[in-house]
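> Sequence:
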Amino acid sequence: MQQSQASCAFPLLASVRALSRYCLPDVELPHVTHSLDALLDDFSSNLTIAESYKRTDSLRFMQYIAARGSKEAMDPFYRRWMFNIVTELAAAAGDLAALQWMMESYQPDEFLTKAVAAAAANGHLHILKWLYEQHKERGYWGGTELCGAMENNHKDVIDWLRKHAAPHADSLKKVMEVAATTGNVGVVEWLFKELHESVEDALWSAQSGCQWDTAQWILEHCKLKRPWIDWDLPAKDGALPFLQYLRSRSIGGPGYYTIQVAAWNGHLEVLPSPPKQRKKNKMPFLHVSSNVPKANVDANAAIRALSKSISDALDRPEPHVMVQLDLEQHMLFQASDAPCAFVQIRSIGRIDSVKNPKTAEAVTATVAQVLNVPADRVFLNLNDIASNNWAFDGKVAPTEKEPNPPAYRMKLFAPNQVLAQSRFWYFLHQMKKMKKTTGEILDISEVRLLPLRRQQPLLCKPIQKQQTHRDEGARGGPQRQRKPAEFGDVSQARSLTFSLLNVSLLQLTEKNRRVVNNYGVWIRYNSRSGTHNMYKEYRDVTLCKAVEQMYSELAGRHRARPRSIQIMRTAIVAAKDTKKTNVQQFHDSKIQFPLSHRLPRAAEKHHRTVFKASRPCTFRG
Numbered sequence: 011m012q013q014s015q016a017s018c019a020f021p022l023l024a025s026v027r028a029l030s031r032y033c034l035p036d037v038e039l040p041h042v043t044h045s046l047d048a049l050l051d052d053f054s055s056n057l058t059i060a061e062s063y064k065r066t067d068s069l070r071f072m073q074y075i076a077a078r079g080s081k082e083a084m085d086p087f088y089r090r091w092m093f094n095i096v097t098e099l100a101a102a103a104g105d106l107a108a109l110q111w112m113m114e115s116y117q118p119d120e121f122l123t124k125a126v127a128a129a130a131a132n133g134h135l136h137i138l139k140w141l142y143e144q145h146k147e148r149g150y151w152g153g154t155e156l157c158g159a160m161e162n163n164h165k166d167v168i169d170w171l172r173k174h175a176a177p178h179a180d181s182l183k184k185v186m187e188v189a190a191t192t193g194n195v196g197v198v199e200w201l202f203k204e205l206h207e208s209v210e211d212a213l214w215s216a217q218s219g220c221q222w223d224t225a226q227w228i229l230e231h232c233k234l235k236r237p238w239i240d241w242d243l244p245a246k247d248g249a250l251p252f253l254q255y256l257r258s259r260s261i262g263g264p265g266y267y268t269i270q271v272a273a274w275n276g277h278l279e280v281l282p283s284p285p286k287q288r289k290k291n292k293m294p295f296l297h298v299s300s301n302v303p304k305a306n307v308d309a310n311a312a313i314r315a316l317s318k319s320i321s322d323a324l325d326r327p328e329p330h331v332m333v334q335l336d337l338e339q340h341m342l343f344q345a346s347d348a349p350c351a352f353v354q355i356r357s358i359g360r361i362d363s364v365k366n367p368k369t370a371e372a373v374t375a376t377v378a379q380v381l382n383v384p385a386d387r388v389f390l391n392l393n394d395i396a397s398n399n400w401a402f403d404g405k406v407a408p409t410e411k412e413p414n415p416p417a418y419r420m421k422l423f424a425p426n427q428v429l430a431q432s433r434f435w436y437f438l439h440q441m442k443k444m445k446k447t448t449g450e451i452l453d454i455s456e457v458r459l460l461p462l463r464r465q466q467p468l469l470c471k472p473i474q475k476q477q478t479h480r481d482e483g484a485r486g487g488p489q490r491q492r493k494p495a496e497f498g499d500v501s502q503a504r505s506l507t508f509s510l511l512n513v514s515l516l517q518l519t520e521k522n523r524r525v526v527n528n529y530g531v532w533i534r535y536n537s538r539s540g541t542h543n544m545y546k547e548y549r550d551v552t553l554c555k556a557v558e559q560m561y562s563e564l565a566g567r568h569r570a571r572p573r574s575i576q577i578m579r580t581a582i583v584a585a586k587d588t589k590k591t592n593v594q595q596f597h598d599s600k601i602q603f604p605l606s607h608r609l610p611r612a613a614e615k616h617h618r619t620v621f622k623a624s625r626p627c628t629f630r631g
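The sequence shown begins at 11 in the working numbering and counts up one residue at a time.
Read the hints as simulated data drawn from the structure, not as lab findings.
From a predicted model like this one, the values you see are computed outputs, not experimental measurements.
The hints are all genuine.
30 Å max Cα-Cα, derived DSS-like pairs, lysine-lysine:
1. K443 / K421
2. K589 / K203
3. K233 / K546
4. K590 / K421
5. K368 / K304
6. K139 / K184
7. K183 / K233
8. K421 / K235
9. K421 / K445
10. K203 / K233
11. K165 / K64
12. K590 / K183
13. K318 / K368
14. K421 / K586
15. K233 / K246
16. K586 / K600
17. K586 / K183
18. K203 / K586
19. K165 / K233
20. K184 / K586
21. K421 / K442
22. K146 / K124
Have a look at the derived ranges for each label pair, beta carbon to beta carbon:
23. N543 / P329: 50 to 60 Å
24. T591 / R523: 24 to 34 Å
25. R314 / R579: 56 to 66 Å
26. N275 / M544: 22 to 32 Å
27. I582 / H231: 26 to 36 Å
The C-beta atom is built at its ideal place from N, Cα and C for all residues, glycine as well.
Kindly produce the complete structure, drawing on both the sequences and the hints.
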């Protein structure tokens with residue numbers, strides 16, 4: 011069939027027209043041709059104009075089907091739906107003739123709903139110009155037609171729409187998200203500077219679409235207060251320049267799975283470089299410190315004896331050994347200033363474990379002999395051996411780097427003490443590389459937090475080591491009596507404080523439990539697809555109850571398990587700084603809580619009556 015004679019009021023089949031042209035050349039018999047057409051037509055009754063145009067893209071075939079349909083018999087809503095379907099197909103295909111016939115002949119007064127967006131998404135600028143010039147009032151302009159043009163990267167259409175059909179206020183958010191997802195920095199800048207649209211959601215859209223140039227532009231020019239960056243996404247995509255930019259600006263930090271995600275996706279350039287291997291055959295260094303007076307020791311003879319002892323123990327030539335002797339040092343052990351010595355050996359390489367006791371014994375015996383110090387008051391530290399504080403005679407000595415080993419305190423939310431201990435060791439091993447076998451929990455206190463302006467994040471902080479009461483109990487001294495915790499109505503989510511020192515902890519309670527506060531909670535949780543950061547706000551009278559709300563919401567909305575949720579920080583947020591709509595609605599001075607007209611009824615059925623008029627109660631007494 012040919013796409014000609016579009017203006018024909020009642021188009022015929024090509025076979026019928028050919029038959030009438032050759033068999034009836036000089037006579038016009040329309041009733042005969044119509045009868046022949048009806049005889050040969052066995053398809054028009056089963057097709058609609060939408061199906062005909064979708065199958066053939068033929069204007070004449072669509073006119074043929076439309077001419078044999080009854081406009082009066084067709085439902086007006088169905089006819090309007092059919093009109094919008096066909097105009098969308100014609101605009102998407104760039105068929106101006108079909109679109110013009112539909113709008114000027116088939117439905118001259120009908121409103122377009124999808125044609126403008128279809129033409130923009132497929133890059134048909136001539137269709138947009140014709141619709142704008144001839145039928146501007148019959149279509150949607152200033153909506154989301156820019157989204158389709160940006161998704162398919164039609165730059166000429168984007169520039170024309172920005173000039174003639176800027177999006178309305180209710181469409182700005184959607185257009186901004188699509189612009190960020192597709193990496194169109196020009197549109198993002200235009201929406202932000204000229205139309206004053208927020209870019210907070212656009213930053214996350216740019217990360218989801220792996221548009222790192224757009225995300226970097228937003229961070230540099232939009233001055234966000236709390237930019238939310240998920241380092242796992244650029245690591246997964248191998249965006250090393252963006253990660254270096256985040257590192258230089260101190261924005262966020264790598265998560266638990268960041269390095270693993272980069273390795274799984276083959277981006278080895280993102281992975282940190284392996285540590286440099288320690289060079290072998292370094293000069294052994296022996297450092298001896300003692301409180302023995304210089305007058306009682308021949309320093310030169312002592313140094314020579316120590317040098318020979320360490321060289322024989324390590325099978326090294328004596329000229330390759332360095333010895334340092336410090337006398338008259340202020341040293342105190344077990345509250346006694348009796349002669350003692352502290353020995354450190356460095357750069358001895360990897361020596362066999364069988365030689366460790368022999369080396370320690372030989373050096374200890376030499377130090378005790380030349381300094382006239384009892385053997386049980388000589389302490390030895392081999393820095394290059396796996397056990398960092400290995401001491402001869404079974405005594406553990408402090409290292410030079412950590413003469414006073416720090417203790418760590420951590421605040422956790424957990425439903426019970428057993429689960430809280432498990433989380434304590436998990437985070438301590440993750441952040442400070444301390445194993446459960448090398449440490450112990452000295453104090454566990456269940457506390458309630460004061461409603462401070464900003465609570466500290468969940469990080470390990472060193473505590474200056476004090477005298478522990480556990481040692482007094484082990485030596486038979488008086489043990490400290492603990493008072494039973496008086497917490498009253500304890501919530502399921504408890505705030506537990508752990509410390510590696512048995513220090514005094516105060517019972518912290520809420521300052522006023524009758525005041526509702528706005529609690530902000532910064533969390534990180536592991537889903538089935540990766541690690542995600544999130545910020546939540548809740549209104550409650552205590553922080554523990556706000557954390558309960560957080561666990562319930564994440565379980566319901568995100569299917570997050572409690573053991574995969576890590577609370578990074580909590581804070582009491584002022585009303586003017588709240589971000590969430592469910593919290594902001596309570597800060598409106600015109601907020602109302604209307605009471606419905608209640609009809610009180612008896613609780614038991616035999617006290618109720620069917621035919622009884624009751625006045626509604628509009629107050630709660």
